[in-house]
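Engineer: Use these hints to put chains B and C onto chain A, whose structure you have.
Residue numbers (the numbering used here), protein chains in the order written: chain A, 1 to 810; chain B, 1001 to 1329; chain C, 2001 to 2222.
Everything labelled a hint here was simulated from the structure, so no lab data went into it.
Nothing here was measured: the structure is a model prediction, and the numbers come from that model.
Do not rely on the hints blindly, as some may be mistaken.
Stated by the list, open to error - With a cut-off of at most 27 angstroms between alpha-carbon atoms, the simulated DSSO-like pairs for lysine-lysine come out as follows:
#1 Lys2184(C) / Lys1058(B)
#2 Lys1061(B) / Lys2149(C)
#3 Lys1294(B) / Lys808(A)
#4 Lys412(A) / Lys10(A)
#5 Lys1223(B) / Lys1258(B)
#6 Lys459(A) / Lys1294(B)
#7 Lys1013(B) / Lys2081(C)
#8 Lys1058(B) / Lys2124(C)
#9 Lys639(A) / Lys623(A)
#10 Lys2149(C) / Lys2124(C)
#11 Lys1061(B) / Lys2081(C)
#12 Lys1026(B) / Lys1058(B)
#13 Lys10(A) / Lys72(A)
#14 Lys1092(B) / Lys2184(C)
#15 Lys2124(C) / Lys2184(C)
#16 Lys1058(B) / Lys2081(C)
#17 Lys2217(C) / Lys1013(B)
#18 Lys1092(B) / Lys2124(C)
#19 Lys429(A) / Lys324(A)
#20 Lys1206(B) / Lys1253(B)
#21 Lys10(A) / Lys195(A)
#22 Lys2217(C) / Lys10(A)
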Amino acid sequence: MASNFNLVGKDYIPPDVRAKVTGRAKYADDYLFDNLLHAKTFKSPYAHARVKSIDTSAAEKMSGVRAVLTYKDVPAEPINQPALDGEPLVFGTPVAAVAAVDEYTAADAVDAIDVEWEVLDHVIDPIETLKPGSPNARSDGNIPTGKSLSEAQARQTKSNPTIDTVKWDNADFSTPYPTNAGEYTVNWSWGDVSKGLAKADHVIEDTVEAHPVVTNPMEPRSNVAYWQSNGKLRVWGSSQSVGLTYFGLAGAVGANPADVSMILNFCGGGFGSKGTNYPQMSIPALLSKEVNQPVKIRGTRREEFYWGNGRSSNVFHFKIGFSKTGRITGLDVQTVADAGAYSSNALSNISGALTALSANLQPETMRARAIGVFTNTPKRWPMRGPGQNQAALAVEPLLDRAAKELGIDSLKLRLQNVPTTGDPAGENKTPLTSAHLGEAYQMAAQAFGYDQKKSLNGKREGNLVHGIGMGSASHQSGYVGFDGLMAIHPDGTVEIRQGAGNLGTYSYSDVCRLGAETLGVPWDQVTVGWGRSDRSSFTLGQFSSNTTFTTGLSQVKAAETAVSYLQEIAANSRGGGPSDYQVANGEVSNGSGDSMTLAEAAKAAVSMGGKYTGEAIPADLKKSLNPMTLAAAGDLVGKALIAFGHSGGPDLKGFVDSFNAAMAHVTIDLGTGKIRVIDLADYGDSGTIVHPASYHAQIQGGAIQGIGYALTELMRFDEQTGIPINTDWYQNKPPSILDYTEQPLKTGGVNKPDPYGPHGAKGVGEPPYGAAASAVTAAIQNGLGATFQHHPITPSDVLDKIAAGETKVS
Amino acid sequence: MQDDMIKPLQIVKPTTVDEAVASLQKHGTDATLVAGNTDEINWLKDRVRTPRVLVDIKDIKSLYGIDQQSDGSVRIGSLTKVADVASSDVLKGSFGVVPEATSLVATPQIRNMGSIGGNLSQDSRCWYYRGGFDCYRAGGHTCYAITGQNRDHSVTDYSRCVTAHPSDGAVGLVAVDASIEVQGPNGTRQEPLSDFYVGPQENITKMNDLAHGEVMTHIVIPKTWRNAAFYFEKVRDRNSWDFPLVNIAAAVKTSGGKVTDVRLVSNGVAPTPKRLRAAERAITGKAISQSTAKAAGQAALPNAAPLTHNAFKVPLTQNLVTRALLNAK
Amino acid sequence: MSEDDTGQVPLGSDGDPEGDGLIGNLSRRDLIKGTLGGVIVASNAYLFDHVAVAAAKTGTGGPSVRQRFSGTLTLNVNGRKRTVNVMDQDTLLRTLRYKLGLTAAKFGCDRAMCGACTVLVDGKPVYGCTMFTRDAVGSEITTLEGLEKNGQLHPLQQAFLEDLGGQCAFCTSGMIMSGLSLIKSNPNPSRDEIKQGLSGNLCRCGNYENEISAVAKAAQRM
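One chain only, chain A, in its complex shape (with noise of 0.2 angstroms):
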């Protein structure tokens, strides 16, 4: 495995590390001005609405009241929400927004808002507005059409989705999944499943619904933004990512990239929701260019619960075929998917659902049949493991009944069917360029100790029975296209300006220490540069777990190309070819004594310039390189060895998956219902790992978030007013320290480099967070002896099974 390497594989501290523990940190809401403004916005108060009137005069004419904007005065959105809405298609969705000089009198002005409302029907459910007759949440429409892609293919290829209304008029809906379904807007399949079903020795068939959360980070989204009225704007943001939030804030409120600048040093937490701009962002910035003052739009923690995000939902319907070995002969799966009424995310959840079902199951044949709704709920945008978490929390406990009807072992029925290196994923049928779940698998059930576990399954205890499950997940977690940025000083220190940003996974580092092992230099010499639009290079946005792969390889070639220029600095000035030198331990040599150091190389470079100080743009790199990556050298030029590096087409064939699998020891109490997770184990496949402290982190955190997936989280709805009606922390739970499992974690990884990842690597976050979960329901489930379709599963769900007898315990 990785024991060549110098840096990757090691642990180290990170540079922002002694800012976190000291408060230094700055978050956006910790940038103190003087002469800021505070800007609060009026919500709706209905589940679906339109302004009939809004009358802002007295919050205008208020001592203290700087701007006021109404959803007249900001860009419309064609699907997404914009930043303010003359028809709020959702409970707490802001349609003004003010500036005073104080929060009190932003309030107080709020306040003093006036607005007649026209009240509109309204949707909750995403399996009623199929019905004939049935509302729509938006008034042009009930579902989003176009192609389903992952939400980074939508950004990268701007994907423009359209609306359509569709009903099913000859369904039966008295099921809990409607049959005679009508319209589904994704049709794909493998081979023909009804001969795979037909094949199989035993059928299992169910409907789970994956349900919704919300995603909040502990940090609510908090921005500054201060236009200047020489039209220069500079935002102090909360997200997750540098680039793609750069680009589309300027878009969304009608600004130059080339005018605006961004510091995101530190974002506190998004897991997906704050993974690019969001209509927040835009607010203080159309504030900020009608005073030319900073302006600043504090988050609210129940603002979470309205636009902050969340995770979005499911109904599934499972038929799926087993031989008696337990392989899948066929999966038919039909879902419908619901991400709110604000963005066409239902159909990324799609297409990460049926991928990962497919990639993670390899079923001999299957056919995917699905739908993206729009209701009055929250905008759930990618919330860890979108679509990919909800298929596993809803498929895994299947498997396990499965094993358990057809009398075998789970582990056994799981290793019958997980996909190695080259299997397909997908529609495409892409070959993945690695996999190695059932590695993990086994690392899991070792390190869990399976084989003495898994007899306690159903083991009662006094008032307490024993449950062992297991289950699995996967993410695309790899991307090629985007650019890199290396830059040796003529004092030595190489300044690697990278563009992922800074959310707690390490990672804004961790593609420094990828691209410092190709350069061969010391870490002690290296300046990691984050947090500033304009010094970062262009990458993808960190969700979807790709920042590991996608932006460690652009370094990686970012590095490459300082690799290669060195050589041809060296032998320029020592004499020979390029290819008689080596740059290793921050130097370039030949081997026969003829050397520099970087310090040296970077000097001759200078001296050189041309394309070795970026006052020349080599034709290739010109073309592919983002406009953002050759600004971000703008300072440097003439000044330093600059590499820039891009990752391309033939960089990448195939599809970059990781995989988790984790097992899962529960106790439930029959007489309270309550459930305590004893014991889980949790494993990756993630290619080399490359910074293992941050790995075993993203993976516990993972857990620790998927098992509040499975037993406290749900966002909960008023059906008759459709409003949100536990929007405060203590109603919708996510775990404290005493929620998770009473053993330490177990977790690690397989360790295989990807041969296309950057020394192997690939992305991590998200796959751990649905094994986990879907070890600890299965667990539950096996236990219990019952099925669950409707998580979390809280103490109330185990007495209602208990009291309707659908329980198999002695």
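Structural biologist: Then chains B and C, alone, in the frame of chain A:
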């Protein structure tokens, strides 16, 4: 819906109870009484309540302390922090159910800030009421929970309002027959803690009978249940912060192996702390065994009328009764 | 970067060698001297001035503008006397962050439901968002900023640094303060006792294992 910004107000800090009473009277309904303020402040931040004056009694030194009395009773000042009640050696020694109950309130920080009086007199946690819906409890003309989301609500003793009482401290103290002392414009009064609580039939807008202008000064635990066998359990979704789905506090006295007196009190099931008298009657005079404890459990909540989403609370309460009787020590 | 009039940079980003990654080599003096356009960065005195102005201009104002009761208080914060002008309803968190520039304690929820605002008052962990500033007069207030002494990290900070105690680190200030109080009252806490001590601090990244090990490590060293 304006989050987080408390409307400007004035804080007055009386140093005696008389001053506090006078202040409340002077400002009338413009003023609200606060102590630890861990809950009232949230209403203010949501701007659902907008008092102009807060009468903050935290500086009244005479209202702190847990004091053993010579007659075997214990007097607890109403401003005593929940954390101090939870860690009190005086109480752990002889009235252990009270520290046990209060040790599971919320989180360490809230226990450090909140007063026991505040815990006892806390307001409904119904998410419609708290969310600013104009329900009966808020002075309006309907209940949203009855036909809506009512998982957290009552299964018994409700009327037009179906809220459930959320306090853990209350069940611990009701189980040991605690009484309270209240001082107000008309002087001082005492009453059993169980009488302090008010059901919706009596007053649909208040959870207890504290009138405006009154201050709860002390909680008194009589010697009655000293060194009895006790049990407390709180069943909630998460193991921190959360209010009880159902909790139970039990105090049991036995003689010659048989139960001579028993208190079984639950919250989460009714708008006021619920004495499970049917279960108490079922076990009194019997020896506690698996079968008698089970029977007593089954006897609990005979008149329960669960709502659409909370039927689980009935078997839960019954199971907790059985568990309490079998494990009380 | 070009020195246009966006050159002003907020406090705390003055080329801090601990690497918050912001402006490279400019000193704070340079930045303040170099500012144009009237936007000067300061760490305090933001609320009071504007409030006074608003009150003066409006008198009793419109129906929704109330009289603002404010006064000057002296607080003991991290061992120093700090004088602040606050309104009665200003919370301790608001005052620490916006008046005193002590931004380590965070607004996570402003409702006593997450612990990101945890500070110590007389050694006990409380939620700063739920305490009025006036209620902290006469007490010793300790925030994360008070732990480092002369560039030397407190053992808890060192342990959190070594054990990757923070991922996004938004909860880290509160975690460390709760950990500090725990260790002071229980110098040798078990894993369960550490969990209980941190049970009022939410970590959405799910970094609990590292937080537990960091607190245990610090306890051993203290």
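Engineer: Hint by hint, note whether the structure agrees.
Structural biologist: Now the hints, each set against the structure:
| no. | hint | in the structure |
| --- | --- | --- |
| 1 | Lys2184(C) / Lys1058(B) | holds (26 angstroms) |
| 2 | Lys1061(B) / Lys2149(C) | violated (36 angstroms) |
| 3 | Lys1294(B) / Lys808(A) | holds (21 angstroms) |
| 4 | Lys412(A) / Lys10(A) | violated (34 angstroms) |
| 5 | Lys1223(B) / Lys1258(B) | holds (21 angstroms) |
| 6 | Lys459(A) / Lys1294(B) | holds (22 angstroms) |
| 7 | Lys1013(B) / Lys2081(C) | holds (23 angstroms) |
| 8 | Lys1058(B) / Lys2124(C) | holds (17 angstroms) |
| 9 | Lys639(A) / Lys623(A) | holds (23 angstroms) |
| 10 | Lys2149(C) / Lys2124(C) | holds (21 angstroms) |
| 11 | Lys1061(B) / Lys2081(C) | holds (25 angstroms) |
| 12 | Lys1026(B) / Lys1058(B) | holds (19 angstroms) |
| 13 | Lys10(A) / Lys72(A) | violated (54 angstroms) |
| 14 | Lys1092(B) / Lys2184(C) | holds (23 angstroms) |
| 15 | Lys2124(C) / Lys2184(C) | holds (10 angstroms) |
| 16 | Lys1058(B) / Lys2081(C) | holds (23 angstroms) |
| 17 | Lys2217(C) / Lys1013(B) | violated (43 angstroms) |
| 18 | Lys1092(B) / Lys2124(C) | holds (22 angstroms) |
| 19 | Lys429(A) / Lys324(A) | holds (26 angstroms) |
| 20 | Lys1206(B) / Lys1253(B) | violated (34 angstroms) |
| 21 | Lys10(A) / Lys195(A) | violated (50 angstroms) |
| 22 | Lys2217(C) / Lys10(A) | holds (21 angstroms) |
Hint compliance for this structure: hints 2, 4, 13, 17, 20, 21 are not met, and every other hint is.
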